[in-house]
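Peer 1: Single-letter residue listing:
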Amino acid sequence: MTIPLEASTGSDIVLAVDDLTVHYGSRPALTGVTTRFRRGRITAIVGPSGCGKSTFLAALNRLTDLILGCRVSGRIALDGRDIHGADVDPISLRRRVGMIFQTPTPFPLSIRENVTLALREHGVRDRGEREAILRSVLERVGLWDEVAGRLDESALPLSGGQKQRLCLARALALEPEVLLMDEPCSALDPMAAATVERLIRELAERYTILIVTHNLPQAKRLADDLAFFWFEEGAGRLIEQGPAKQVFNKPTHPLTAAYVHGECG
Amino acid sequence: MSLSPRTIGAAILLLIVAALGCELRDDGETTLVLTGSSTVAPLMTEIAKRFESENPGWRIDVQAGGSSRGIADVRSGLAQIGMISRELAPDEKDLRAWAIARDGVALIVHRSNPVRALDRSQILAIYSGRVRNWREVGGRDAEITVVTKAEGRATRQVFLEYLAPLASAELHADIIIGHNAQAIQTVGGNPHAIGFVSIGAAEVDAERGTPIRLLPIDGRPASLDAVAAGEFPLTRHLNLVTRSEPGPAIEALIRFARSEQLHDLIRAQSFAPLQP
Amino acid sequence: MLERARARSGGGRFAGVVLGIAAALGLAVFVWIVGDIVGRGIGSLSWDFLRAEPLDAGRAGGIGPILVSTALILTIAIGVAAPLGLATAVFLSERLPGRSRGQRLVSTCLDVLAAVPSIAFGLFGNALFCRALGLGFSIVSGGLTLACMILPWVTRTVEQHLRSVPDAYRLGGAALALSRTTIVWRLVLPSARRGLVVGVVLGTARAAAETAALLFTSGSVMRWPTSLLDSGRTVSVHIYELSMNVPGGSDAAYGAAVVLLVALLGIQALAKWLTERWLGRGGEA
Numbered sequence: 355m356t357i358p359l360e361a362s363t364g365s366d367i368v369l370a371v372d373d374l375t376v377h378y379g380s381r382p383a384l385t386g387v388t389t390r391f392r393r394g395r396i397t398a399i400v401g402p403s404g405c406g407k408s409t410f411l412a413a414l415n416r417l418t419d420l421i422l423g424c425r426v427s428g429r430i431a432l433d434g435r436d437i438h439g440a441d442v443d444p445i446s447l448r449r450r451v452g453m454i455f456q457t458p459t460p461f462p463l464s465i466r467e468n469v470t471l472a473l474r475e476h477g478v479r480d481r482g483e484r485e486a487i488l489r490s491v492l493e494r495v496g497l498w499d500e501v502a503g504r505l506d507e508s509a510l511p512l513s514g515g516q517k518q519r520l521c522l523a524r525a526l527a528l529e530p531e532v533l534l535m536d537e538p539c540s541a542l543d544p545m546a547a548a549t550v551e552r553l554i555r556e557l558a559e560r561y562t563i564l565i566v567t568h569n570l571p572q573a574k575r576l577a578d579d580l581a582f583f584w585f586e587e588g589a590g591r592l593i594e595q596g597p598a599k600q601v602f603n604k605p606t607h608p609l610t611a612a613y614v615h616g617e618c619g
Numbered sequence: 627m628s629l630s631p632r633t634i635g636a637a638i639l640l641l642i643v644a645a646l647g648c649e650l651r652d653d654g655e656t657t658l659v660l661t662g663s664s665t666v667a668p669l670m671t672e673i674a675k676r677f678e679s680e681n682p683g684w685r686i687d688v689q690a691g692g693s694s695r696g697i698a699d700v701r702s703g704l705a706q707i708g709m710i711s712r713e714l715a716p717d718e719k720d721l722r723a724w725a726i727a728r729d730g731v732a733l734i735v736h737r738s739n740p741v742r743a744l745d746r747s748q749i750l751a752i753y754s755g756r757v758r759n760w761r762e763v764g765g766r767d768a769e770i771t772v773v774t775k776a777e778g779r780a781t782r783q784v785f786l787e788y789l790a791p792l793a794s795a796e797l798h799a800d801i802i803i804g805h806n807a808q809a810i811q812t813v814g815g816n817p818h819a820i821g822f823v824s825i826g827a828a829e830v831d832a833e834r835g836t837p838i839r840l841l842p843i844d845g846r847p848a849s850l851d852a853v854a855a856g857e858f859p860l861t862r863h864l865n866l867v868t869r870s871e872p873g874p875a876i877e878a879l880i881r882f883a884r885s886e887q888l889h890d891l892i893r894a895q896s897f898a899p900l901q902p
Numbered sequence: 003m004l005e006r007a008r009a010r011s012g013g014g015r016f017a018g019v020v021l022g023i024a025a026a027l028g029l030a031v032f033v034w035i036v037g038d039i040v041g042r043g044i045g046s047l048s049w050d051f052l053r054a055e056p057l058d059a060g061r062a063g064g065i066g067p068i069l070v071s072t073a074l075i076l077t078i079a080i081g082v083a084a085p086l087g088l089a090t091a092v093f094l095s096e097r098l099p100g101r102s103r104g105q106r107l108v109s110t111c112l113d114v115l116a117a118v119p120s121i122a123f124g125l126f127g128n129a130l131f132c133r134a135l136g137l138g139f140s141i142v143s144g145g146l147t148l149a150c151m152i153l154p155w156v157t158r159t160v161e162q163h164l165r166s167v168p169d170a171y172r173l174g175g176a177a178l179a180l181s182r183t184t185i186v187w188r189l190v191l192p193s194a195r196r197g198l199v200v201g202v203v204l205g206t207a208r209a210a211a212e213t214a215a216l217l218f219t220s221g222s223v224m225r226w227p228t229s230l231l232d233s234g235r236t237v238s239v240h241i242y243e244l245s246m247n248v249p250g251g252s253d254a255a256y257g258a259a260v261v262l263l264v265a266l267l268g269i270q271a272l273a274k275w276l277t278e279r280w281l282g283r284g285g286e287a
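From first to last, the protein sequence lines stand for chains A, B and C. Residues 355 to 619 (the working numbering) are what the first sequence spells out, left to right. Residues 627 to 902 (the working numbering) are what the second sequence spells out, left to right. Residues 3 to 287 (the working numbering) are what the third sequence spells out, left to right.
It should be emphasised that the hints constitute simulated quantities derived from the structure, not laboratory data. Possibly wrong hints are sitting among the right ones.
A partial selection of chain B residues facing chain C, derived with a Cβ cut-off under 10 Å [unchecked claim]:
no.: 1; residue: Thr656
no.: 2; residue: Val659
no.: 3; residue: Thr665
no.: 4; residue: Glu672
no.: 5; residue: Pro682
no.: 6; residue: Arg685
no.: 7; residue: Asp687
no.: 8; residue: Gln689
no.: 9; residue: Ala690
no.: 10; residue: Arg695
no.: 11; residue: His798
no.: 12; residue: Gln808
no.: 13; residue: Ser824
no.: 14; residue: Glu829
no.: 15; residue: Ala894
Over the 12 Å line for every Cβ pair with chain C, so calculated as not near, a few chain B residues [claimed, not checked]:
no.: 16; residue: Thr661
no.: 17; residue: Arg761
no.: 18; residue: Thr771
no.: 19; residue: Arg846
no.: 20; residue: Glu871
no.: 21; residue: His889
Cβ atoms here follow ideal geometry from the backbone N, Cα and C, with glycine treated the same way.
Required output: the full structure, derived from the provided sequences and hints.
Peer 2: Right, here's the structure in full:
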């Protein structure tokens with residue numbers, strides 16, 4: 355494995371994962387993952403279906419807590435603090451590590467409430483402040499002009515691309531440090547996918563982004579770093595990780611080479 | 627509008643407060659609870675209503691639920707007075723019965739049935755299952771459908787006494803029913819059926835057009851008048867039941883229920899008064 | 003395309019005919035019953051029938067006090083069963099993980115309870131509310147007994163609707179760092195509103211049709227109720243008593259049955275209107 359641990363300085367590391375193993379019941383989904391993610395970079399996580407990529411993302415903000423029979427071992431540190439520590443509340447962890455899902459699922463509420471529900475919950479009591487945040491995040495995802503006139507209407511009739519951008523906006527409203535994205539474009543039509551992809555690139559300036567994708571060209575276009583997972587000996591494993599260019603052009607592991615050249619997976 | 631825990635909590639609280647408010651209601655009333663026979667209950671409801679109107683400050687609740695319920699409730703104290711549509715059984719002698727009216731049990735057949743009368747031996751033959759065809763008792767050639775009341779029904783008791791020494795287990799049945807209304811419906815809908823029911827109920831339904839006929843028994847016409855005159859063989863008492871030493875309030879109501887001024891009311895409820 | 007594919011298969015056509023006949027039969031039975039009741043009962047109906055006190059053991063007069071008692075008993079039953087059922091359903095679907103032992107235990111208990119004959123609830127209510135708690139034959143006793151009876155129905159209906167709420171709402175809510183309470187109250191429950199309405203309507207209908215559970219709890223007194231501790235008979239008990247124990251009471255019984263029928267249809271219509279209005283805004287089916 356070529357994990358460039360030594361290449362990064364301490365403060366540069368946002369997420370440090372050591373020997374992470376996730377079981378569903380008795381079946382391991384992911385085993386022995388050790389890696390680092392650096393601040394302000396986009397890491398694309400690629401690999402065939404069933405190799406534990408989504409499980410890996412879910413472990414990072416402890417959504418795995420909600421899955422029945424799911425056990426997580428190993429250590430995950432956010433800014434140097436163990437996220438499984440007794441003093442860490444999963445709610446506050448999830449404020450800092452936001453997540454975007456493959457199928458955009460706005461809540462069955464108005465467009466406005468989709469964004470402000472979490473703000474209210476997290477203590478933004480002032481209405482004016484909430485409105486300001488609402489406008490700024492909707493502008494950032496390019497949705498403001500499209501929905502400004504119908505903020506109080508249901509979010510459900512929005513188009514797929516609009517829904518995904520709304521989900522992105524409501525995640526951004528919490529000012530997270532890390533954004534986890536689980537195939538955010540794969541359920542969208544090509545035009546909408548292109549819009550969301552452009553958006554992700556813009557967001558990279560301010561956030562550390564981990565994006566799971568099956569779309570290698572997209573990974574090539576977006577990613578600073580690339581992490582390649584593979585299903586091996588009954589569980590998902592991290593095979594290779596490094597700067598995107600390097601992994602694409604000079605993969606060190608034969609599996610990686612075969613995958614990026616489209617020969618398997 | 628969304629359901630909040632507060633809304634629901636408030637609703638529950640309101641309910642409790644309302645219930646408590648009732649608890650605090652001021653009642654200077656004398657309240658009596660009667661439970662028991664659903665045959666007697668409508669009659670007692672009307673008697674109680676008249677009693678209440680003549681005696682302000684009284685409140686009498688009449689609950690139907692069956693004779694055995696009445697016995698149990700008087701014993702447990704849930705009711706002060708029980709209502710039974712039969713006599714007290716030997717193991718119920720800890721209680722005291724007060725007759726208030728009489729009822730007769732009549733045999734009924736479909737109106738189209740040519741049989742106009744049956745004597746005791748013929749009835750016994752039919753109800754012991756020995757005779758299965760109307761031809762054998764002077765009717766058409768048709769199989770008899772024997773309708774019998776369920777075990778525990780007071781009318782069944784009265785009927786069995788008439789057929790003694792026929793044991794309850796020997797009583798034949800093609801159809802077993804519970805209430806008078808069911809028996810009347812069944813016989814009215816089956817030209818070959820025979821059944822036994824309360825005379826009052828049968829008379830009312832026959833007058834209202836249900837195709838049934840009441841058969842005379844031992845030459846006595848089955849009518850409330852015959853029951854009232856004491857001439858009809860199959861009769862039973864409708865009784866009120868109390869503990870052996872009822873208090874003055876209970877006795878006041880019982881005295882009223884047994885008084886002559888209620889004869890019109892008893893007849894209106896399709897029963898016969900104790901004295902003609 | 004699909005239509006043609008369906009029409010072409012012979013088996014499909016046969017099944018269609020069978021289903022059509024079954025549906026027609028079901029409709030015919032419904033029309034027959036309703037027609038019979040309305041035909042026989044309409045003659046007794048009048049404005050006074052709804053307002054007046056019953057006379058002559060119910061043969062004459064009206065059903066005014068009975069309607070009031072019915073409304074009170076149903077209100078208590080729903081008022082207790084709805085929040086309790088909702089809470090139980092939330093607990094079952096949101097707190098107890100699916101297929102866990104506790105979940106199975108509670109579910110089994112509810113299913114068994116739903117299958118208990120109503121007379122058993124009557125005896126239970128008589129023992130607990132009338133005797134042990136000293137509430138006697140009363141509207142409260144009857145209402146609480148009915149609440150116990152319909153609780154499993156309400157709970158199971160709501161729970162099924164809660165379970166059909168997409169997990170994406172729960173996960174999405176959790177990913178936005180929402181607390182479990184907020185997820186349940188703001189995301190899951192509003193999506194299951196229809197379930198609550200359906201559960202309440204089913205429960206009301208069942209409660210309104212009940213007699214056996216009430217004979218021994220709320221009793222059969224026909225007076226105007228002046229408090230919740232008064233005994234009072236419901237329309238169904240009235241119909242039962244009139245047709246079974248009051249010779250010549252069947253006309254009034256049919257009249258009361260028409261009123262009950264209309265009231266139940268009214269509740270259905272109200273619930274439908276309520277769901278549509280309520281779900282119209284930002285709601286999901």
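Peer 1: Does each hint fit the structure? Answer for all of them.
Peer 2: So, going through the hints one by one against the coordinates:
1. Thr656: violated, 15 Å
2. Val659: Given a least distance of 7 Å, the restraint on valine 659/B holds.
3. Thr665: Given a least distance of 6 Å, the restraint on threonine 665/B holds.
4. Glu672: Check passed: Cβ of glutamate 672/B comes within 6 Å of chain C, closer than 10 Å.
5. Pro682: Given a least distance of 14 Å, the restraint on proline 682/B is violated.
6. Arg685: holds, 8 Å
7. Asp687: holds, 5 Å
8. Gln689: Holds. Min distance 4 Å.
9. Ala690: holds, 5 Å
10. Arg695: With a minimum Cβ separation of about 8 Å from chain C (threshold 10 Å), the hint on arginine 695/B holds.
11. His798: The hint is violated - histidine 798/B has no Cβ within 10 Å of chain C, the shortest such distance being about 24 Å.
12. Gln808: holds, 8 Å
13. Ser824: holds, 8 Å
14. Glu829: holds, 8 Å
15. Ala894: Alanine 894/B check passes; min Cβ-Cβ to chain C is 7 Å, inside 10 Å.
16. Thr661: Incorrect as stated: the minimum Cβ-Cβ distance to chain C is 8 Å, not above 12 Å.
17. Arg761: Fine: 33 Å to the nearest Cβ keeps arginine 761/B off the interface.
18. Thr771: About 21 Å separates threonine 771/B from the closest Cβ of chain C, which puts it past 12 Å; holds.
19. Arg846: Non-interface label on arginine 846/B holds, nearest chain C Cβ at 21 Å vs cutoff 12 Å.
20. Glu871: The claim holds: glutamate 871/B sits with its nearest Cβ about 23 Å from chain C, beyond 12 Å.
21. His889: Consistent with the label, histidine 889/B stays out of reach of chain C, its closest Cβ about 16 Å off (over 12 Å).
Violated hints, listed in ascending order, are 1, 5, 11, 16; each of the other numbered hints is respected by the structure.
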